[in-house]
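A.B. asks: One-letter residues, chain by chain:
2 protein chains.
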Amino acid sequence: MAGRREERSAHKRAEIVAAARKVFTTHGYLGASMDAVAAEAGASKRTVYQYFADKEQLFATVVLDTVDRGHEYFRPRIEALAEADDLDEALRRHARGTLAGIMNPEVLQMRRLVMAEADRFPEVGREYFERSWARTTGLLAETFARLTERGLLKVADPERAALLYTWLVVSIPLNRTAFMGNAATYTVAELDELADEGARVFLAAYGVGG
Amino acid sequence: MAGRREERSAHKRAEIVAAARKVFTTHGYLGASMDAVAAEAGASKRTVYQYFADKEQLFATVVLDTVDRGHEYFRPRIEALAEADDLDEALRRHARGTLAGIMNPEVLQMRRLVMAEADRFPEVGREYFERSWARTTGLLAETFARLTERGLLKVADPERAALLYTWLVVSIPLNRTAFMGNAATYTVAELDELADEGARVFLAAYGVGG
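Here the protein sequences line up with chains A and B, keeping their order. Throughout the first sequence, residue numbering follows the numbering used here, covering 1336 to 1545 in sequence. Throughout the second sequence, residue numbering follows the numbering used here, covering 1336 to 1545 in sequence.
Mixed in with the good hints there might be a few duds.
Since the list gives no way to pick one copy over another, a pair counts as held whenever it fits inside one copy or between any two copies.
Calculated lysine to aspartate or glutamate pairs in the EDC-like style (CA-CA distance at most 20 angstroms, straight line) [claimed, not checked]:
id	residue 1	residue 2
1	K1489	E1532
2	K1390	E1407
3	K1390	E1462
4	K1347	D1403
5	K1357	E1452
6	K1489	E1525
If you are wondering where the hints come from, they were derived from the structure by calculation, not from laboratory data. Computed from a predicted structure; not experimentally measured.
Just chain A, same shape as in the assembly (with noise of 0.2 angstroms):
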């Protein structure tokens, strides 16, 4: 019985989650309401409540599930990288898997509105920042050691790669988002051929030589 009404419990809790993400994401952080949030999870106020003290620690909470399941997508992708015989190919691929989940709407706008708040709320900005970017990135840095090891990289600071590498493959496109928002449309085609351009630039600096 304890064990149903936690699941319960835990499955009211990711509604309310979900639902505030959406309202975050699309009036900010002034603009939404406990309020909102509440009718868009189809609970009550003080439902919303009891799971969240407040609008605050309601945000933060948004932020960073969004942040982890973000990494369970990047995660998987990263380690089969690290196996990979044909590095080119395999790095293409992961370029295109990357760049395809940074371009992700919901990804783009959390990634907007935790930009926005920054100055509000500098803690929910650094732990963003250490949760998804530097997160992924340190694990892609441990990978391009490990092929280092291997003979199939030549990397002398793994981190700084891993970052650079990251920024090749997505600059283009997330800026141009940034700005433009829904007017920088792109086909999956033209953020293939982007990626591999970006794991193309990296291979003729950091690679061992054809």
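For chain A, the structure is supplied; the task is to place chain B on it using the hints.
C.D. replies: Quick look at chain B alone, frame taken from chain A:
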């Protein structure tokens, strides 16, 4: 007489724009008031309205004024690059100047402000993007095409190469600063080293070889 009156008028207008930049970047668009701008400029609110019809028009003016002054910083540095003989050295110098320019606190604040308001003012976001980012990388693309003609680079798609080069140079500190605000500090030596590495990676992929 008319000339001096116009001069005084242009001077007053510039004072209002400078005051508005400070108010908008400190308080955001919604938190900024025409009263606060007038107080910061040491002018009456009536005077502010003589120059700007409303807050939205003032906001657009402030953004584009910052963009135009930024372009005047970047333009001569790109032109110098086009004339380079020692490309390796000239590219490192250009990269260092670019990164220092982007990491200027006023530029960072304006960039964050425009991104935060991109949903509310898509036209301002688009014009910011086109007049700052796209104009500067457009000039850089012309320069890379010229350097390719001169046999100092091998660049097939100058626009894409210009974007990738810029991101190689600025991404790491720019992204960290976007989320961490003032907590993400860099020394000049650290920025120079990141700029040098960006230039090195670019030349590995697009240079004519050693």
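A.B. asks: Taking the hints in turn, state whether each one holds.
C.D. replies: Right, here's what the structure says about each hint:
1. K1489 <-> E1532: both (19 angstroms within a copy, 14 angstroms between copies)
2. K1390 <-> E1407: neither (26 angstroms within a copy, 43 angstroms between copies)
3. K1390 <-> E1462: within (17 angstroms within a copy, 34 angstroms between copies)
4. K1347 <-> D1403: within (19 angstroms within a copy, 51 angstroms between copies)
5. K1357 <-> E1452: both (16 angstroms within a copy, 18 angstroms between copies)
6. K1489 <-> E1525: neither (29 angstroms within a copy, 22 angstroms between copies)
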